[in-house]
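Since chain L is already given, all that's left is putting chain U on it; use the hints.
There are 2 protein chains.
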Amino acid sequence: LQTILPDIQLNLRRGIAELGWGHPDPALLPAADLARAAELAIRRDGWRALAYGAEQGPGPLIELLRVWLGQREGALPAAEQILVTGGVSQALDLLCTLLARPGDVVLVESPVYHLALRIFGDHGLELVPTPADAEGLRMDALADILPRLRAAGRQVCFLYTVPTFCNPTGASLASGRRSELARFALEHDLVVVEDDVYRDLWYDAPALPPLQSLAPAAVIRLGSFSKILAPGLRLGWLVAKPEIVQRCIGCGMLDSGGGVNHFTAHVVAAYLEMGLLAGHIDRLRASYRGRRDALLAGLAQYLPGDCRWQRPAGGFFAWIELPEGHDSARLLPAAEAAGVSYVPGTRFCARYGGERHLRLAFSLLSEGELATGAKRLGAVLAYSRLQKTEG
Amino acid sequence: LQTILPDIQLNLRRGIAELGWGHPDPALLPAADLARAAELAIRRDGWRALAYGAEQGPGPLIELLRVWLGQREGALPAAEQILVTGGVSQALDLLCTLLARPGDVVLVESPVYHLALRIFGDHGLELVPTPADAEGLRMDALADILPRLRAAGRQVCFLYTVPTFCNPTGASLASGRRSELARFALEHDLVVVEDDVYRDLWYDAPALPPLQSLAPAAVIRLGSFSKILAPGLRLGWLVAKPEIVQRCIGCGMLDSGGGVNHFTAHVVAAYLEMGLLAGHIDRLRASYRGRRDALLAGLAQYLPGDCRWQRPAGGFFAWIELPEGHDSARLLPAAEAAGVSYVPGTRFCARYGGERHLRLAFSLLSEGELATGAKRLGAVLAYSRLQKTEG
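Note that the protein sequences, when read in sequence, are chains L and U.
Basically my numbering = 1-based index in the first sequence + 121.
Basically my numbering = 1-based index in the second sequence + 121.
Extracted from the complex, chain L is given alone in its bound form (with noise of 0.2 angstroms):
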């Protein structure tokens, strides 16, 4: 069929090494196996895979999460605290609607995701940075921002984290911080959203238990398949204590039109049932692992060295540091006219700050244009700086 309308959100251009995008290379997406996935699902669920679903999700894919975050994470979650979700979009949309109202505060770890900050926006909550450094969201910044604002009459909805190899910098909340930042959250009512997609992708060792192991009475986490399987499943999972899964269970949306994505739902039911995901998983971290080295190694050969970055040690993204005087978004075009792609820091920052930072991303080039994209961020860099020093 021709059409002029885009079917998928990713939009390749030619002769840039897009950095920019944070989705999974097209070839790591097990296509075969779910077509096999979605065949056993309709053949052997019929009917039920088309009807309305439950609106927790499917009874069976409720029983296989949790059998598989049991086995992943070593504590098997109840029934009723899990909800299937759309996606960690529709989850914070859904939590948006059911948790906040406008001019709540949301406290975002900064910087993070930067397009959870627009779904926030778009519920009209209002957005306070909470700063994070090299071992994840900074609780002095905490202890110090959440009593003012509750001093100063302020609801504040929740906290949005991604304390594991956190989009953009890659980094995780340490050790200690993780169960500083558990405590303080019990102690001060403060409900956290943990989102925890990046968790099965590390690349050095496996990631540190999440926050939500440490207080669950006080965390949300949201998981997802998108990067683990596939993004256009538009499948995920919500991990809470019952009260706040009974709240989405009884929410309007879901009360009229059943589970979100219920027959998807039963098609990764399948596909998990088939004992397929574990081995693609361990796939896409060997592949990852590889293009994360390959970037680093890049970006070590090729940038100027005052240029600044942390080792990733899992996710999809390397997070840079450019010398004073530099501003990311300003370079863009330069940097696209030589070549290269990125995300200018100031997205993923409430407020203020990113102005030296920029995103890349190694999920989805490979290892060969990795290594290209670093080399063209080089010149790029290399030109501005010899600019500036004659200006």
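Since the hints were made in silico from the structure, they are not lab data.
Even for Gly, the Cβ is constructed at its ideal location relative to N, Cα and C.
There is no bait here: all hints are sound.
Ranges of calculated distance between the beta carbons of each label pair, as one might list FRET restraints:
hint: 1; chain 1: L; residue 1: 219; chain 2: U; residue 2: 450; range: 22 to 30 angstroms
hint: 2; chain 1: U; residue 1: 310; chain 2: L; residue 2: 445; range: 50 to 58 angstroms
hint: 3; chain 1: L; residue 1: 196; chain 2: U; residue 2: 432; range: 54 to 62 angstroms
Covered, in the sense of this in silico footprint (three residues per stretch, anywhere, with C-beta under 8 angstroms from a C-beta of chain U), are these stretches of chain L:
hint: 4; stretch: 136-148
hint: 5; stretch: 166-179
hint: 6; stretch: 202-211
hint: 7; stretch: 218-225
hint: 8; stretch: 238-247
hint: 9; stretch: 346-359
Chain U only, in chain L's frame:
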């Protein structure tokens, strides 16, 4: 897999003729054809069915929808007027987030689809009922209510109506009133959300043209594959002026996750391309027509002579008015004890009304079961009458 959690919403109780559920008969869900469509979608589209989808929905599905709507309704909408949705429930939720703020008034036809009312409630909207009669929304009531609300300084976000084969009444907005409402909406700058999910399920004569065709600038029309294909797909569409579609496309949730339900959208696009939908709807129409007729025959035979109902010309429902002194909610336990269930009328009315009404669905049960249900309802009403006379 053994589980105690439900897979689907439908929960049939032994011995009860379940006329409460507005769900399709499972036998009418085309599982085998959808299995073929899923296979075709993945085989042909491969990773494109699994990547982050375009925010508007997959271009190929939008083109197919344009052609489909053009063939069925005689007017081809422009591509920029269409958004693929996760069904009416998700579309309503999105519109509440983007077009309304808590405290706004939503005008709702009364009686109307009860679960839409719950979605509006989750968004903190105030429901103001606008009465409908056998010819649909009463324009005299609307012309009285809207100016008074605005004079009182209230923000009215939109009017929600089901003008074609309404849930729960089966009534359609009469032709003259359609023109009047279209003119009124344009003159008063009132956004109208037209829930149009039953359009194709007519049993006597094709439905009147959509309200939207008379006032394209004022009306947001919601369609769905839930009634004409399968509700578990969670897929539908929205037709509106391009500015509204752009506001939806530009929201954070779709920017973040890509189009809702991208994988399923590819499956449904394949189903449409296989050319199966028109024939399937013909079969649904024949089947539901027979059920409607069986229910109406049963009602005529068994219900006391002072019960009243309209002949539904389409959709899933009949709306019964009981004689003075009856209360359908209070009667329900006795009805279920006698082996028949329904939804009490108050559920469909914001604020007031519906006490003497009840909704019967003829979509789920066989003709024989519908006749049995009508017989049991008649017996319960006769018994209740006897008690009242004696009491």
